[in-house]
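Asks: Join these two chains into a complex; the hints should help.
Chain order of the listed sequences is A and B.
Numbering of the first sequence is given in our numbering, commencing with residue 1 and proceeding in unit increments.
Numbering of the second sequence is given in our numbering, commencing with residue 1 and proceeding in unit increments.
Don't read these hints as lab results, they were simulated from the structure.
Here the structure is a predicted model, which means the values were calculated and not measured.
Misleading hints may appear alongside valid ones.
Claimed, not checked - Footprint (simulated), chain B over chain A, 3 or more residues, beta carbon under 8 Å:
| # | stretch |
| --- | --- |
| 1 | 5-19 |
| 2 | 32-38 |
| 3 | 44-53 |
| 4 | 124-134 |
Ideal Cβ positions, reconstructed from N, Cα and C, are used throughout, including at glycine.
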Amino acid sequence: MEAAYFRHASGELVSTLCRRFGLQHLEAVEDAVQAALLAAVETWPRQGEPDDQMAWLYRVSHRALLDELRTGHRRRRILSEQWPESVPDTLDPRLAGELRDDLLRMLFVCCDPELPVASQLAIALKTLCGFGVREIALRLFVAETAVYKRLSRARTQLRARASKGFDAIADLDARRPQVLRVIHQLFTEGHLSLRAPALRRDLCDEAIRLAHLLADHPAGAHPDTFALLALMHLHSARLDARMSASGELLLLEEQDRRRWDASQMQIGLAFLARSAEGDSFSRYHAEAGIAAEHGLAPSFEETRWDRIIACYDQLERVAPSPLHRLHRAVAVAAVEGPEAGLAALEGDVPPTWLEGSYLWAAVLADLHRRCGHPRRARERHEAALRLAPSPAVRDLLARRFERADPDEDEALVR
Amino acid sequence: MPKFLCVQRSLPASDERSAPSPSEMQAMYAKFNAWREEFSDQLVDLGGKLGDGRLVTEEPVTDGPFVEIKELVGGYMIVEAADLDGAIEVARGCPGLVSARSGVEVIEIQTPGG
Numbered sequence: 001m002e003a004a005y006f007r008h009a010s011g012e013l014v015s016t017l018c019r020r021f022g023l024q025h026l027e028a029v030e031d032a033v034q035a036a037l038l039a040a041v042e043t044w045p046r047q048g049e050p051d052d053q054m055a056w057l058y059r060v061s062h063r064a065l066l067d068e069l070r071t072g073h074r075r076r077r078i079l080s081e082q083w084p085e086s087v088p089d090t091l092d093p094r095l096a097g098e099l100r101d102d103l104l105r106m107l108f109v110c111c112d113p114e115l116p117v118a119s120q121l122a123i124a125l126k127t128l129c130g131f132g133v134r135e136i137a138l139r140l141f142v143a144e145t146a147v148y149k150r151l152s153r154a155r156t157q158l159r160a161r162a163s164k165g166f167d168a169i170a171d172l173d174a175r176r177p178q179v180l181r182v183i184h185q186l187f188t189e190g191h192l193s194l195r196a197p198a199l200r201r202d203l204c205d206e207a208i209r210l211a212h213l214l215a216d217h218p219a220g221a222h223p224d225t226f227a228l229l230a231l232m233h234l235h236s237a238r239l240d241a242r243m244s245a246s247g248e249l250l251l252l253e254e255q256d257r258r259r260w261d262a263s264q265m266q267i268g269l270a271f272l273a274r275s276a277e278g279d280s281f282s283r284y285h286a287e288a289g290i291a292a293e294h295g296l297a298p299s300f301e302e303t304r305w306d307r308i309i310a311c312y313d314q315l316e317r318v319a320p321s322p323l324h325r326l327h328r329a330v331a332v333a334a335v336e337g338p339e340a341g342l343a344a345l346e347g348d349v350p351p352t353w354l355e356g357s358y359l360w361a362a363v364l365a366d367l368h369r370r371c372g373h374p375r376r377a378r379e380r381h382e383a384a385l386r387l388a389p390s391p392a393v394r395d396l397l398a399r400r401f402e403r404a405d406p407d408e409d410e411a412l413v414r
Numbered sequence: 001m002p003k004f005l006c007v008q009r010s011l012p013a014s015d016e017r018s019a020p021s022p023s024e025m026q027a028m029y030a031k032f033n034a035w036r037e038e039f040s041d042q043l044v045d046l047g048g049k050l051g052d053g054r055l056v057t058e059e060p061v062t063d064g065p066f067v068e069i070k071e072l073v074g075g076y077m078i079v080e081a082a083d084l085d086g087a088i089e090v091a092r093g094c095p096g097l098v099s100a101r102s103g104v105e106v107i108e109i110q111t112p113g114g
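Same shape as in the complex, but just chain B (with noise of 0.2 Å):
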């Protein structure tokens, strides 16, 4: 079954104070954990929140035209579906990721052969 890569990229967090509260984080935290239960079977790697990076190239490294790369890519992880429209679901479904200042990228992993 083919693997798919799903990077989130948000827009720069906004300064208001619209930090969620423990009730909220709470009831993200159920809503998580049930996402997960659901679609077990195709995550395959949960992965994790991406921090500080750079690109290296053959150029001298500077943050360059890539700076604002650390406030767009957020986290990342790995599905498993039939094809790229069961990944979308998948990750359609994750709580939080599809926002209205947060989207989430599905690119397939092609494997040679697979």
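The shape of chain A in the complex, shown without the other chains (with noise of 0.2 Å):
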């Protein structure tokens, strides 16, 4: 069996009991396939699995939903005049006609817009990935009972949006952005969070799971998507190399290329082939031609920083951030030296959350550094220890700081 075999199965069980008894029984609809897993994890064992165990988990939850929705107390109300059965199709989103695939369609249904983005993660990680409240908060690093206050605010927005009815055709094209910045936003989550290494991954892999559904759409299939998918695989070959055996962070010309996983890195840069199909360009073709050329390079001395500047450029034109033009200002001191770095940040006055990461006290620490202004330089690095979000980077910015060699400042950021 699958490691993960129980969350998917969940994930692909409630979208379809979604689909077929209409979102407004959400609740009862994750609490019958939570009865048919448990009734599995009873029954198994003692009569052995059955052949065909999506069909025997799908049946039994069914039955558990429909007893749920007859004789429920919760829901009696809802329901004092309607059986399951006659509630039609069309009041769900009908999204039925354009994705046939039920997780897909769930994963539409999800990133809902009128949604906070941390609302529309919380409710994919639950009703998509499978994952338990505890489990969610332990990887989006948030109390458990701000998860439950974003499930809840998703639920019932969810619940207002099936009642309502939602016309799939003509929000397909517009909600795809949507689709593809919550899939970014969870492969982030799991890929920068340097807190727990081993919680991460699962989150990459989900991020990268659905968009692979997207991508085997033809309503998902688009140059956009395959840019993400080429992304996520080139970020997730080097993943295993950031940490040591010893479980600390490793800077980027640090880590042993070897380690960089060749297959993960061939999916990659064959999606980013595929993503240059047809003339749309966002910031995923920037940020995966990025991560191509840091992949591509041989050593960290002959990565190409002038195309990695391009790329960065090209990134400032579609999704603007202060936190890019720092990026930039790395790989442009990088090829020009540290007092083109500064000069490249000069009359960028930082927002409060980025003035006040680590990451910006730690690149202008390092630039002044090597542009021999020490004591400003001191001021920066002390400010990124204090900042420095968990020991694990504040190790690796110590470490950083005590190296003192120039020209590796990409590693940093990387």
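Replies: Encoded structure:
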């Protein structure tokens, strides 16, 4: 049995039952699926695993749902006049004609632009990926109460949607960017989170799984989807190498490039090529371009920084952000020297969230040091250490400043 | 070899939102299978869950003092072991059987001359 079998089965069952019974019953559906999985745990060891496990789980959860909807006290009011069989499919968001795949359809439903992204993420992790509340809280580094709040907000919104109905045909193209954004965010949570390495891989894998689901369907097979897949596979290739055997974070130039996953790299590059077919250029294209340059560089010294700068310029055009400009400045410093790096940031007033982050302070500390401004470098250095989000990052920064070796700044932020 | 009846007794489930997640259930499933494998020679009958029941006596039937019995008895199984301690070892190893809210009664099944 695949390691995530129960989680993924849960996602598929919830999606399918929601299509059949309507999103307004999402909670009852989740309870029924939970009951079916529990029944499997209790029955399968005694009677042996059924030949078709999904069919077994579907039958049991379907029956549990019918029982619950017929007799459930909580929902008696809603259903006093209609049996579930008589609930027409048209009450559901009508994606069925366009998206035969229920899971994909549910993904589009979860990525509701009227919800805060945090809620979209939470409901996707719950319904599509089958994570429990505690597991979501652990992976997103928020309190369980916050997860409950986000889920409850999402459920309310989805119920409202269900009662209004929403036109899949008209909404599909409009919603794809939002779906990509949520998948990207999911991946970023996993990839950039420096706090719980064992858990991040889960989020990255789930993001890749959902993106493949999207790419495999005519409705989602779009250059932007391919670019996002390229980006995620390319980063994924380097994920394990970012950590030493003893669990320390490694700088880019410290990483053993032989530990990069060549097959992931190849898949990423193939998607990058596919993403170039067509005239779309998204932020994912630019970010995948940067990841590809790092992935293709035979060594840190041989990185083609000029191409990376060009990608950052493109990224800045499609998705302007001071964070991207900060990264760009690091690449500029690698090519033209630290003064040019500092000059690239001149006049850029970072928003509070970025100025208060260790990243901003760490990059400036480095640039100032290399420009021969020891006092300013020290100030920034101390700020970076103070703002480090975890001991692992603090260790990395301390090591970074001790080494004080020029021309390595990109390593800090990759 | 003597056989033992194991009866699970648990406190009524609390209403807290502590339902296991799919991953946790899969882990339970894996543990249960591992346990079953380890003691396969001794597991005579894995039994099952017990549902509603009623005590039948000469007296008119009421739910009477045994009303709580359906909440307390969760399931049963039959194991084989050299002695009570051996049977307890098998039962104790069963995942989820012995916990803060659940315990197991291990009773020897006496057979004449056995």
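Asks: Are the hints correct? Go through all of them and say.
Replies: Verification of the hints:
Counting residues of the stretch 5-19 of chain A whose beta-carbon sits less than 8 Å from any beta-carbon of chain B gives 5, enough to reach three: the coverage restraint holds. With a cut-off of 8 Å between beta carbons, the stretch 32-38 of chain A has 3 residues touching chain B; three or more are needed, and the interface restraint holds. Under the rule that three or more residues need a Cβ within less than 8 Å of chain B, the assignment of the stretch 44-53 of chain A holds, with 3 such residues. Against chain B, the stretch 124-134 of chain A contributes 5 residues with a C-beta closer than 8 Å to a partner C-beta. That satisfies the three-residue criterion, and the hint holds.
Comparing the model with each numbered hint stated earlier shows that all of them hold.
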